[in-house]
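Heads up: the protein sequence lines correspond to chains V and S, in order.
Heads up, the first sequence is in this note's numbering, so the first residue is 59 and it goes up one at a time.
Heads up, the second sequence is in this note's numbering, so the first residue is 59 and it goes up one at a time.
Everything labelled a hint here was simulated from the structure, so no lab data went into it.
It is possible that some hints are incorrect.
Heads up, the list lumps identical chains together, so a pair's fine if it works in one copy or across two of them.
Unchecked claim - Derived lysine-lysine pairs resembling DSSO-like cross-links, with alpha carbons at most 30 Å apart:
1. 102 with 74
2. 74 with 318
3. 318 with 90
4. 187 with 90
5. 352 with 127
6. 431 with 137
7. 145 with 414
8. 114 with 214
9. 114 with 352
10. 396 with 229
11. 355 with 187
There are 2 protein chains.
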Amino acid sequence: MENFIAYNPVHLHFGKDVVNDLGQTVRQYGTKVLLTYGRGSVKKYGYYDQVMTQLKAAGLEVFEYAGIKPNPVVEDVGKAAALGREKGVEVIVALGGGSVIDSSKIIALSMATGMDPWEIMTYKVNPQKTIPLINILTLAATGTEMNAAAVVQNHKTGKKLGFVHPLNYPKDAFLDPQYTATVPADYTAYGIVDLIAHALEAYFGEGEPPVIDRITFAIIKDAIRWAPLLMQDLANYELRANIMLDATLALNGLTMYGKKNGDWGVHTMGHELSLLYDTAHGATLSIAYPAWLKLKKEDISARIRTLGRGVFGVNTADETIQAFADFFTSIGAPVSLKEIGLDESNRQEIIEQFHKNEVSGMHHRLSRQDHVKLVELMG
Amino acid sequence: MENFIAYNPVHLHFGKDVVNDLGQTVRQYGTKVLLTYGRGSVKKYGYYDQVMTQLKAAGLEVFEYAGIKPNPVVEDVGKAAALGREKGVEVIVALGGGSVIDSSKIIALSMATGMDPWEIMTYKVNPQKTIPLINILTLAATGTEMNAAAVVQNHKTGKKLGFVHPLNYPKDAFLDPQYTATVPADYTAYGIVDLIAHALEAYFGEGEPPVIDRITFAIIKDAIRWAPLLMQDLANYELRANIMLDATLALNGLTMYGKKNGDWGVHTMGHELSLLYDTAHGATLSIAYPAWLKLKKEDISARIRTLGRGVFGVNTADETIQAFADFFTSIGAPVSLKEIGLDESNRQEIIEQFHKNEVSGMHHRLSRQDHVKLVELMG
Numbered sequence: 059m060e061n062f063i064a065y066n067p068v069h070l071h072f073g074k075d076v077v078n079d080l081g082q083t084v085r086q087y088g089t090k091v092l093l094t095y096g097r098g099s100v101k102k103y104g105y106y107d108q109v110m111t112q113l114k115a116a117g118l119e120v121f122e123y124a125g126i127k128p129n130p131v132v133e134d135v136g137k138a139a140a141l142g143r144e145k146g147v148e149v150i151v152a153l154g155g156g157s158v159i160d161s162s163k164i165i166a167l168s169m170a171t172g173m174d175p176w177e178i179m180t181y182k183v184n185p186q187k188t189i190p191l192i193n194i195l196t197l198a199a200t201g202t203e204m205n206a207a208a209v210v211q212n213h214k215t216g217k218k219l220g221f222v223h224p225l226n227y228p229k230d231a232f233l234d235p236q237y238t239a240t241v242p243a244d245y246t247a248y249g250i251v252d253l254i255a256h257a258l259e260a261y262f263g264e265g266e267p268p269v270i271d272r273i274t275f276a277i278i279k280d281a282i283r284w285a286p287l288l289m290q291d292l293a294n295y296e297l298r299a300n301i302m303l304d305a306t307l308a309l310n311g312l313t314m315y316g317k318k319n320g321d322w323g324v325h326t327m328g329h330e331l332s333l334l335y336d337t338a339h340g341a342t343l344s345i346a347y348p349a350w351l352k353l354k355k356e357d358i359s360a361r362i363r364t365l366g367r368g369v370f371g372v373n374t375a376d377e378t379i380q381a382f383a384d385f386f387t388s389i390g391a392p393v394s395l396k397e398i399g400l401d402e403s404n405r406q407e408i409i410e411q412f413h414k415n416e417v418s419g420m421h422h423r424l425s426r427q428d429h430v431k432l433v434e435l436m437g
Numbered sequence: 059m060e061n062f063i064a065y066n067p068v069h070l071h072f073g074k075d076v077v078n079d080l081g082q083t084v085r086q087y088g089t090k091v092l093l094t095y096g097r098g099s100v101k102k103y104g105y106y107d108q109v110m111t112q113l114k115a116a117g118l119e120v121f122e123y124a125g126i127k128p129n130p131v132v133e134d135v136g137k138a139a140a141l142g143r144e145k146g147v148e149v150i151v152a153l154g155g156g157s158v159i160d161s162s163k164i165i166a167l168s169m170a171t172g173m174d175p176w177e178i179m180t181y182k183v184n185p186q187k188t189i190p191l192i193n194i195l196t197l198a199a200t201g202t203e204m205n206a207a208a209v210v211q212n213h214k215t216g217k218k219l220g221f222v223h224p225l226n227y228p229k230d231a232f233l234d235p236q237y238t239a240t241v242p243a244d245y246t247a248y249g250i251v252d253l254i255a256h257a258l259e260a261y262f263g264e265g266e267p268p269v270i271d272r273i274t275f276a277i278i279k280d281a282i283r284w285a286p287l288l289m290q291d292l293a294n295y296e297l298r299a300n301i302m303l304d305a306t307l308a309l310n311g312l313t314m315y316g317k318k319n320g321d322w323g324v325h326t327m328g329h330e331l332s333l334l335y336d337t338a339h340g341a342t343l344s345i346a347y348p349a350w351l352k353l354k355k356e357d358i359s360a361r362i363r364t365l366g367r368g369v370f371g372v373n374t375a376d377e378t379i380q381a382f383a384d385f386f387t388s389i390g391a392p393v394s395l396k397e398i399g400l401d402e403s404n405r406q407e408i409i410e411q412f413h414k415n416e417v418s419g420m421h422h423r424l425s426r427q428d429h430v431k432l433v434e435l436m437g
């Protein structure tokens, strides 16, 4: 087994109506709050009102930054940090999915240090402090609610980057499955793809700790077990709860015990597709993962077969890849570029983008030749 | 799914030679150290020297409390706390297994507050602060290295009690499988029984979160997969590493996600047997679990069958119980009172002890009639 260090200090509050404890939780960290959220759905479905009621009842002064986009951009991070500094904010409450929470992690660092958000994201500066961050999750997908990672994009530099830092851990995460009951079918499916992709990125990293392989398969199998039922019954609490917990477990550090790194090659491809076409993150992954598995199927055949046996009870690499693709298709996630409206005329620009931003995994390096093959395999 | 709160701030350092980072880690918390350990094996096998070398190289002043017993007693806790207070100790380093680390958690609370250790254990006082605790684990078994629980016994009052408190979380846990390579066969087996019993206590608690059931089975299956190989090859690093990680995962909070409580009825029985006969903790559990499963097999037949399918691929409650008993036997752990030298003449005193200390689970309550049946089922 590879040596590892594990640490995750997030307080996870999971279940029905846990947001009732939000006010007293936030109050531990200060009275001036910056509430961050996206573009309106939290108001439409009443989550904003519930959160605001809690914050007001606790006597907190609330400033707001709204409008964070699904593929979050660094401009919003900068503006929100400036607002927070101006108002003397002491604690951030992020209400939303991955984009809102990821942005809020960098807002917190920028607010506490005065550093430029993109200089933080590109490791040009080294923040030593942050502002406490509390989140209320509205989308089961990225795992950001309980980890130290943040992904933000910058259209000026044409990059979508991830930034991992121990200061990024939220203090508290409030996960009420009811807050995900209104997520539409497509984003529900993309969230499920995303969580499975996280488990796979860990699995294909360096190191094969047996119990962690088993646990990783447990998470993937659980998601695959409940996903089709959830797609038929989107407001079902138990099904939402199962998927929400799967998503958190898939990227809270657990699947990385006993490993040197994850791979993340497929995520780097997905980020480039999002940058080029503003494609939803999960949709890029259901396209890219089968292609990557096909590319690697000779190279790491045994590892893919172990996965197939553990998750689907199949025996070959081909069957494993087909089973994942069939599953993605069954929940309505695209498995080819064609399905998102792209065709052969787009191939060259995707290949160029992969070249330019040096798309690669940490464990399984990808060459420029691989880029060409991968885009072809994405159909 | 049941609502739950999860929180575990322990820094886990896992792998070969991780103790090389001990000195700088301890130094973050202070320079006056109390080193606690047991009755000599850490000196015999060189672990004491390695730890001391690290602490000295970091320029730390080290006081020592040695002689903590395998079933730890409250007298040692009181004496060590008094020594620590006298010397102005700032941080405790516990080198050992469950007994040393559990004792050290209460030593830390008593040292920081001046409170009597048994008053802490019996919840008569409510400590609000503690001293930082760092542990170096030498036995894969109890999970205490990464959790907030401590078990200590008091022969004067005839009780062995557990005390759970957020202040009990160690700051750092150093788990080098090499430090467990010298554990003899019997205690290696008892540790494996203990970790499986922890997973089972969680499984039989209130709440049946599907992914956590799967993860619990993954941990148990992994232990059962590697245990027989380890029993034949006690110094094998990879096998020790697998079991060590299984033991930590079995009781670091993960198996309690989505649950209201664990059961812990079998552990309460085991504690009484240890009190009466000083039987090793793991040995009491391999005797008590099959008996408890037999007692409950009609009552919670479906739950036992789900376990059997998930862990052993068997279909009935009887087969499940037999499979666990056979496994315990295969690694040399006793599954009857007879095997630890007790017979029918002891039954009445065990029953009385169960009555007196109200042996019961938190989810599955045990009656006085159950006590009688259980002792009979322990053969």
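Against the structure, the hints come out as follows:
For the homomeric pair residue 102 and residue 74, the shortest alpha-carbon distance inside one copy (20 Å) is at most 30 Å, but the shortest distance between copies (53 Å) is not. For the identical chains of this complex, residue 74 and residue 318 are inter-copy neighbours only, at 13 Å across copies versus 36 Å inside a copy, given an alpha-carbon limit of 30 Å. In this assembly of identical chains, the alpha carbons of residue 318 and residue 90 never lie at most 30 Å apart, being 40 Å within a copy and 34 Å across copies at closest. Proximity of residue 187 to residue 90 under the C-alpha cut-off of 30 Å is found in both arrangements, the shortest distances being 18 Å within a copy and 28 Å between copies.
Taking the shortest Cα distances, residue 352 and residue 127 never come within 30 Å of each other, neither inside one copy (33 Å) nor across copies (57 Å). In this assembly of identical chains, the alpha carbons of residue 431 and residue 137 never lie at most 30 Å apart, being 40 Å within a copy and 69 Å across copies at closest. Taking the shortest alpha-carbon separations for residue 145 and residue 414, neither the intra-copy value of 40 Å nor the inter-copy value of 62 Å comes in at or below 30 Å. Proximity of residue 114 to residue 214 under the C-alpha cut-off of 30 Å is found in neither arrangement, the shortest distances being 38 Å within a copy and 53 Å between copies.
Within a single copy, residue 114 and residue 352 get their C-alpha atoms no closer than 53 Å, and across copies no closer than 54 Å, so neither meets the 30 Å cut-off. For a Cα distance limit of 30 Å, the shortest separation of residue 396 from residue 229 qualifies neither inside one copy, at 42 Å, nor across copies, at 52 Å. Taking the shortest Cα distances, residue 355 and residue 187 never come within 30 Å of each other, neither inside one copy (44 Å) nor across copies (55 Å).
Comparing the model with each numbered hint stated earlier shows that hints 3, 5, 6, 7, 8, 9, 10 and 11 do not hold.
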